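Peer 1: What follows is each chain in one-letter form.
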Amino acid sequence: MRLNAPIPGGNYMSDTRNYAWHRPPDTVDYDEAVSYLIDKIDEPEEKELIFAMLGIDAHITTIVTTLLLQAVSKGKLGIDLAILIAGPVARYIEISAKNAGVKYEMGVEDKDRVVITPTLLKASMGIIDEEDEDEQVIPEEPAPEAPSEGLMAMPEAGGVAPEEEQTAMLGGVDEEEPEDEL
Amino acid sequence: MTFDEAVKKSIKVFVKGTMPMKTSELVEDGLLYTPDFFDQMEEELLDEPTDSKMAKEEELEDEA
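If you're matching them up, the sequences are chains A and B in order. Take the first sequence: its position 163, counting from 1, is numbered 163 in our numbering, and each next residue is one higher. Take the second sequence: its position 61, counting from 1, is numbered 61 in our numbering, and each next residue is one higher.
Be aware that a few hints might be false.
In silico DSBU-like pairs for lysine-lysine, Cα to Cα no more than 30 Å straight-line [to be verified]:
1. A:LYS122 <-> A:LYS98
2. A:LYS47 <-> B:LYS9
3. A:LYS76 <-> B:LYS16
4. A:LYS103 <-> B:LYS9
5. B:LYS22 <-> A:LYS40
6. A:LYS74 <-> A:LYS40
Just so you know, these hints were derived from the structure itself, not from any lab. Only a predicted model underlies this, so the values are computations on that prediction, with no experimental measurement involved.
Start from the sequences and build out the full structure, keeping to the hints where you can.
Peer 2: Shown next as structure tokens:
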């Protein structure tokens, strides 16, 4: 019988040093890690890339996440330290953008947050004011009768416009096809 | 919580002026890159004219 499952003990045979994040990170100091990323951001090519990303309305949080993931994947930082230094790195990018006059958005604002108003609170609690109730009653108006004559009159049942009229309405003109002069 | 969410939360907390307390305790002299450090850096950088402004001023002086 053949089972579709991992080979028992297979994990003891695999090389755990395959990935950088399987080894201890190069930097474990907070200030050293921030300095490393600030130096990286200050490189001309990296700066151009960051400003270009800000130019296409990418949030600073997105850029910071990308930079940190790169550093983690290279084995420079551990994941915990990467999360800790996200704030200083974001702040540095913000200052650089301000200094260069680049428009930016931090991306930590809660734009989707619903603003709580008295009306919303009342609605959620099921409280309806008497005044509101009076306003909500709308008397039904009788629908006007359809005109029987004139342009707005309903066509007769089964009434189809003649073919010429249909062609004229579609912008077509009955013309004879020109003969081929060749 | 995903990595993105954790990064966003970390940035939000730092911008508000809060620092990781236990990390600060690890260093005797205190951490260098604090919210105050960046506030000061911002003041110093943005008070001075930017490189592009200085270049424009130099050009105007040369023309005169």
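Peer 1: Now tell me, hint by hint, if it's right for this structure.
Peer 2: Hint check:
Restraint check for LYS122 (chain A) and LYS98 (chain A): the C-alpha separation of about 43 Å exceeds 30 Å, so the hint is violated. Among the hinted pairs, LYS47 (chain A) with LYS9 (chain B) is consistent with the structure: their alpha-carbon atoms are about 24 Å apart, no more than 30 Å. Proximity of LYS76 (chain A) to LYS16 (chain B) is assessed by CA-CA distance (about 27 Å); at most 30 Å being required, the pair is judged to hold. Among the hinted pairs, LYS103 (chain A) with LYS9 (chain B) is consistent with the structure: their alpha-carbon atoms are about 22 Å apart, no more than 30 Å.
About 27 Å separates the Cα atoms of LYS22 (chain B) and LYS40 (chain A), which keeps this hinted pair within 30 Å; it holds. Proposed proximity of LYS74 (chain A) and LYS40 (chain A) is supported: the alpha carbons are some 13 Å apart, at most 30 Å.
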